[in-house]
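Protein chains: 2
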Amino acid sequence: MTLPTFQDMLDAHKRIAPHVRRTPVMTSDYLNDLTGADLYFKCENFQEAGAFKVRGASNAVFGLSEAEAEKGVCTHSSGNHALSLSYAAGRRGIPCNVVMPRTAPQAKKDAVRRYGGTITECEPSTSSREAVFAEVQAATGGDFVHPYNDPRVIAGQGTCSAELHEQTGGLDAVIAPIGGGGMISGTCLTLSNIAPGTEIFAAEPEQADDAYRSFKAGHIIADDAPVTVADGLKVPLKENTWHFVSNHVTDILTASEEDIVEAMKITWKYLRVVMEPSSALPLATILKNKDTFAGKRVGVIITGGNVDLDALPWMKS
Amino acid sequence: MTLPTFQDMLDAHKRIAPHVRRTPVMTSDYLNDLTGADLYFKCENFQEAGAFKVRGASNAVFGLSEAEAEKGVCTHSSGNHALSLSYAAGRRGIPCNVVMPRTAPQAKKDAVRRYGGTITECEPSTSSREAVFAEVQAATGGDFVHPYNDPRVIAGQGTCSAELHEQTGGLDAVIAPIGGGGMISGTCLTLSNIAPGTEIFAAEPEQADDAYRSFKAGHIIADDAPVTVADGLKVPLKENTWHFVSNHVTDILTASEEDIVEAMKITWKYLRVVMEPSSALPLATILKNKDTFAGKRVGVIITGGNVDLDALPWMKS
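Just so you know, the sequences run in chain order D and F.
Start counting the first sequence at 1; every next residue gets the next number (the numbering used here).
Start counting the second sequence at 1; every next residue gets the next number (the numbering used here).
Hints are supplied without guarantee of correctness; some may be wrong.
If chains are identical, the list can't say which one is meant, so a pair holds when it fits in one copy or spans any two.
Within a straight-line C-alpha distance of at most 30 Å, the following computed DSS-like cross-link-like pairs (lysine-lysine) qualify [to be verified]:
1. Lys238 - Lys216
2. Lys14 - Lys216
3. Lys109 - Lys265
4. Lys109 - Lys290
5. Lys288 - Lys14
6. Lys288 - Lys109
7. Lys109 - Lys71
Keep in mind that the hints were calculated from the coordinates and are not lab data.
Next comes chain D alone, as it looks inside the complex (with noise of 0.2 Å):
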């Protein structure tokens, strides 16, 4: 276990300021109204590679030495991770190898390789990730950047909660949708120094809750191949995230297919934001607590915005 320090958070704000942006804050009285909250959305899904995750790939990218920096990156993913930090890579002009599950979303797979990344395939399971992952990376020899577990990303996801925090001049609450657990994690690192009476939730897909399930168990518990609309979310904890989950974490919800889209549809249709499945989660857990929730001033991270228009979930196939 390599945890990430808050200075490390520090030092990732100040070093990926010039390659993502300080994402606006957005706020609707029809969801205060329907939730009883102050709900206070941080855009993600506006940096210009669509994701929070641009975020850690940055820090991680931009603090490789020159020797380091010239076998490239490698990293496997569901998606936002593999596009961040082809994004990243593609700034500072070094190689990105990714490898991604075939069932990843055409949305996600076209940004890769806009960006410069090369795409390898796996099947959607993590075994099959990591075994082929094994294979991309002795070949390239590039710097493994783990999508979450990487102390490294874990700091520069934890520099959007020090945004929030900043922005709203403070919170009761912050909830975050919680697959591998590298957001949240940020968000721990960042909170229990700055504001440490801020509450954490963490938001996940019944049918992808193996985090929930962890939690309550009081040790990882991982399954290998989920099935959920929220294709960013069906990664297990690892070592790190699982310090700060099992830390700092005040809760974690769950909500329904059913709910998830619906939650995505209210948040288009109010907010007028382009959000993931993934980012659903966070509006259809306070939908299903709200006397959780209610009367609290709560910041809602939408972590990303890449999705296939073609295949939205609910049109008819």
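Following the hints, position chain F against chain D.
For chain F alone, kept in the frame of chain D given last:
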């Protein structure tokens, strides 16, 4: 002809400040690369009511004396003015009666009712709209807030480009869609005073190109019932908006239905905002006229985001 003055715009900005958002300006490296221009998108779709029209509507509603306000307001509108006037009237607690074409998007009709407005439907033609409206106005006695020819409305719409100018530090050009010409007129009113060197472009569907033909002919030409996916842009110019268009607009550019839908989808994908077909006209015409905009700093007004998510123009019906 009763034209608003620059002072009317300044007064409007103070009057409506508590009721409208200072919407963010967004950029996209991808869209800049695609067009060769520096585009600054003013996101009026992020108004609570989802459209810039809330500026003019709020200026009219909150400018009424107590005695005038008693009988409420009334109007005819293809959608966004109707829901914006309902929203503003709801905030003041006065009645709002609107005449809308029966073919207006369901999302817009739903919003009018949510805000407390009362809808009377008409046929989708200017003639039917005006006839039905005369009956409604006679029955209710409400103050008529014309969707674009009303000087209070033009002054209110002018606050948008005042903000855009402040937020960007000045631009070479501004482009907005044109239907009846309220937004374009407000833009002309403001920029001709604070930044007279700024070019002002209007963008219109080829299939509803009455403003384009008027501009070329030198007098108002009105179509009765044009057919276009850009449902907000079907209405003709009137004397007040014609004054601003004929005196201050640099050029009017047009785009095909296919171009409009393509530009809409590109914006959803790369800017990740939900905007309606009418709002895609500026990008559609910039993409068709790259030489006109290349190398320039261009403000693009995203006028609204009230769409039927179940009937997107690229969905198979």
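Check your understanding: So which of those numbered hints doesn't the model satisfy?
Key -> Numbers 2 and 5, in rising order.
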